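Participant: Next come the chains, spelled out residue by residue.
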Amino acid sequence: MDMIIVAGFLGSGKTTLILNSVDKISGSTGKKIALIVNDFGSIGIDGKVMEKYGLNTLELPRGCICCTLGPNFLDTVRTVHDKFHPDLVIVEPSGIADPDSILATMEHYQGRPLGKITTVILLDAVRFPLLVQAMKIPMTKQLHAADMVLFTKMDEVDEARLKDMEAFVRSTIGDKTIIPVSSTSGHNLDVFVRGIVGA
Amino acid sequence: MITEDFAAYAARLRIGFQSAVPADEVQGMLESFMSGLAMDCLEAGTRLIGHIKCMVESGDEIIACSVTYHDARVRCRGRFETPRKEVDIIVNVLQYGLKKKDMVRIVAECGRRSFVSNVSMSIEDLEIEEKELIQLS
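Each protein sequence line maps, in turn, to chains V and E. According to the numbering used here, the first sequence holds residues 711 to 909 in order. According to the numbering used here, the second sequence holds residues 463 to 599 in order.
Read the hints as simulated data drawn from the structure, not as lab findings. Nothing here was measured: the structure is a model prediction, and the numbers come from that model. It is possible that some hints are incorrect.
What the hints assert, rightly or not - Some chain V residues flagged as far from chain E (calculated, every beta-carbon gap over 12 angstroms):
no. : residue
1   : 752
2   : 755
3   : 766
4   : 792
5   : 793
6   : 804
7   : 819
8   : 824
9   : 826
10  : 848
11  : 863
12  : 876
13  : 885
14  : 897
To be verified - SDA-like, lysine to any residue: derived pairs with alpha carbons at most 25 angstroms apart:
no. : chain 1 : residue 1 : chain 2 : residue 2
15  : V       : 826       : V       : 762
16  : V       : 758       : E       : 559
17  : E       : 562       : V       : 843
18  : V       : 762       : E       : 589
19  : V       : 851       : E       : 558
20  : V       : 762       : E       : 476
21  : V       : 873       : E       : 532
22  : V       : 741       : V       : 820
23  : E       : 563       : E       : 469
24  : E       : 547       : E       : 478
25  : E       : 561       : V       : 773
26  : V       : 826       : V       : 846
27  : V       : 734       : E       : 588
28  : V       : 846       : E       : 559
29  : V       : 758       : V       : 797
30  : V       : 734       : E       : 532
31  : V       : 851       : E       : 469
32  : V       : 758       : E       : 504
33  : E       : 563       : V       : 753
34  : V       : 762       : E       : 523
35  : V       : 826       : V       : 797
36  : V       : 758       : E       : 519
37  : V       : 758       : E       : 523
38  : E       : 547       : E       : 522
39  : V       : 826       : V       : 868
40  : V       : 762       : V       : 785
Note that beta-carbon positions come from the ideal geometry of N, C-alpha and C, so glycine has one too.
Start from the sequences, fold in the hints, and give me the full structure.
Facilitator: Set out below in structure tokens:
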């Protein structure tokens, strides 16, 4: 079982990306997919939405899997494996999660050995200037865990914004794959899927 | 966590109308409620809206809406398809700058404002273990 962690700040479009690309991933690879959704709130809205759309989902509400819910997360990964027997588990942490801490938590996983773990970090193109101003350090912290960076909501910004974002990411984490996407229009979702599962 | 200086509030609003309200009208009320939450948070001095999201679940229908930006634009997945006599909304507000008590007040005021008069509305705080029910009308 491989794992993809789809992380990014609050409102960066994690749920929308997953909902709009999970069929493409399973369609192009034939892989059986399960989801683990972590919501900070006491009732996990994102998990309920995904479940409603027919996806194999387990929710982890009331906290953050990078810290307080770390042990629960490990149990949930094992449960997902036993319950759904997926080839791929997609993890959506809360928007305030530190993906590096999730990776550190996964080092304590004692279930059946996992395959590859890939971390995708989403950056909201619409709010980028605001987030750089207000959340630069936390955002940088999330970026450091990235194997791939997606600029979301690309259809709502101009080229200059995407160039600014690319410059910021390159100066922060160097040469990682960057893909601007729009989950709602579907733009570049195929590129993302090819990049993430090689299909 | 990458930040700890935020405040979160989750609540369940139970709205009851005197008679069934057309689907488009309820949709408009819900979007106005969400947009109002963002605008009132900004007016009250929020530093950054992290994510304001809500969910309405009923049978096979699910409507999930969210606001993430200062323009208070509401994005919804799903729409009401049938008239409603009551609506059960779960709302999560996560923002930087305001205290929880501010968000409790804002959610109550926006609920009253958006779902017009002649309704009953109760708000349940989902963040506390011992549930507190505020009956507003």
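Participant: Against this structure, judge whether each hint is valid.
Facilitator: Hints, one by one, checked against the model:
The beta carbon of residue 752(V) is not kept farther than 12 angstroms from every beta carbon of chain E, the shortest such distance being approximately 5 angstroms. The claim that residue 755(V) is not at the interface with chain E is violated, since a C-beta of that chain comes within 12 angstroms of its own (minimum 5 angstroms). Under the 12 angstroms C-beta cut-off, the non-interface status given to residue 766(V) relative to chain E holds; the minimum distance is some 17 angstroms. Interface exclusion of residue 792(V) from chain E stands, the closest Cβ pair being 27 angstroms apart, more than 12 angstroms.
No Cβ of chain E approaches the Cβ of residue 793(V) within 12 angstroms, the least distance being about 22 angstroms, so the stated non-interface status holds. For residue 804(V), the requirement that its beta carbon stay farther than 12 angstroms from each beta carbon of chain E is not met, with the minimum near 8 angstroms. Residue-level check passed: residue 819(V) sits 21 angstroms from the nearest beta carbon of chain E, beyond 12 angstroms. No Cβ of chain E approaches the Cβ of residue 824(V) within 12 angstroms, the least distance being about 24 angstroms, so the stated non-interface status holds.
A cut-off of 12 angstroms between C-beta atoms confirms that residue 826(V) is not in contact with chain E; the least separation is 24 angstroms. Listed as outside the interface, residue 848(V) is inconsistent with that label: its C-beta sits roughly 4 angstroms from the nearest C-beta of chain E, within the 12 angstroms cut-off. For residue 863(V), the condition that its CB be more than 12 angstroms from all CB atoms of chain E is violated, with the nearest at approximately 9 angstroms. Non-interface call for residue 876(V) relative to chain E: holds, since the shortest CB-CB distance, roughly 21 angstroms, exceeds 12 angstroms.
Non-interface status of residue 885(V) relative to chain E is upheld: no Cβ of that chain comes within 12 angstroms, the nearest being about 23 angstroms off. Every CB of chain E lies more than 12 angstroms from the CB of residue 897(V), the least distance being 16 angstroms, so the non-interface label holds. At most 25 angstroms may separate the alpha-carbon atoms for a hinted pair to count; residue 826(V) and residue 762(V) exceed this at roughly 28 angstroms. For the hint pairing residue 758(V) with residue 559(E), the CA-to-CA distance comes to about 28 angstroms; that exceeds 25 angstroms, so the pair is violated.
Taking the CA atoms of residue 562(E) and residue 843(V), the gap is about 24 angstroms. The hint holds against a cut of 25 angstroms. A C-alpha spacing of about 24 angstroms is found between residue 762(V) and residue 589(E), which places the hinted pair at or below 25 angstroms, so the restraint holds. Taking the CA atoms of residue 851(V) and residue 558(E), the gap is about 18 angstroms. The hint holds against a cut of 25 angstroms. For a cut-off of 25 angstroms, the pair hint linking residue 762(V) to residue 476(E) stands: about 21 angstroms separates their Cα positions.
Only pairs whose Cα atoms come within 25 angstroms are accepted, and residue 873(V) paired with residue 532(E) is accepted, the gap being roughly 23 angstroms. The hinted pair formed by residue 741(V) and residue 820(V) meets the criterion: a straight-line CA distance of about 23 angstroms does not exceed 25 angstroms. For the hint linking residue 563(E) to residue 469(E), the alpha-carbon distance of about 10 angstroms falls within 25 angstroms, and the restraint holds. Between residue 547(E) and residue 478(E) the alpha-carbon distance is near 6 angstroms, which keeps this suggested pair within the 25 angstroms criterion.
The hinted pair formed by residue 561(E) and residue 773(V) meets the criterion: a straight-line CA distance of about 18 angstroms does not exceed 25 angstroms. Distance hint between residue 826(V) and residue 846(V) is unfulfilled; the C-alpha atoms sit about 29 angstroms from each other, more than 25 angstroms. Proposed proximity of residue 734(V) and residue 588(E) is contradicted: the alpha carbons are some 36 angstroms apart, above 25 angstroms. Pair hint residue 846(V) plus residue 559(E) holds up; C-alpha atoms about 16 angstroms apart against a cutoff of 25 angstroms.
Pair hint residue 758(V) plus residue 797(V) holds up; C-alpha atoms about 22 angstroms apart against a cutoff of 25 angstroms. This hinted pair does not check out: residue 734(V) and residue 532(E) have alpha carbons roughly 32 angstroms apart, beyond 25 angstroms. With a C-alpha separation of about 20 angstroms, the suggested pair residue 851(V) and residue 469(E) falls inside the 25 angstroms cut-off, and the hint holds. Between the alpha carbons of residue 758(V) and residue 504(E) the distance comes to roughly 28 angstroms, so the proposed pair goes past 25 angstroms and is violated.
Simply put, residue 563(E) and residue 753(V) have alpha-carbon atoms about 19 angstroms apart, close enough for the 25 angstroms limit, and the pair holds. Annotation: proposed proximity of residue 762(V) to residue 523(E) holds, straight-line Cα distance about 9 angstroms (limit 25 angstroms). Of the supplied pair hints, the one linking residue 826(V) and residue 797(V) holds, its CA atoms being roughly 11 angstroms apart against a limit of 25 angstroms. A C-alpha spacing of about 9 angstroms is found between residue 758(V) and residue 519(E), which places the hinted pair at or below 25 angstroms, so the restraint holds.
Annotation: proposed proximity of residue 758(V) to residue 523(E) holds, straight-line Cα distance about 12 angstroms (limit 25 angstroms). This hinted pair checks out: residue 547(E) and residue 522(E) have alpha carbons roughly 17 angstroms apart, not beyond 25 angstroms. Restraint check for residue 826(V) and residue 868(V): not satisfied, since their Cα atoms lie roughly 35 angstroms apart, outside the 25 angstroms limit. The suggested pairing of residue 762(V) with residue 785(V) holds, with an alpha-carbon distance near 23 angstroms, which does not exceed 25 angstroms.
Checked against the numbered hints above, the structure violates hints 1, 2, 6, 10, 11, 15, 16, 26, 27, 30, 32, 39; every other hint is satisfied.
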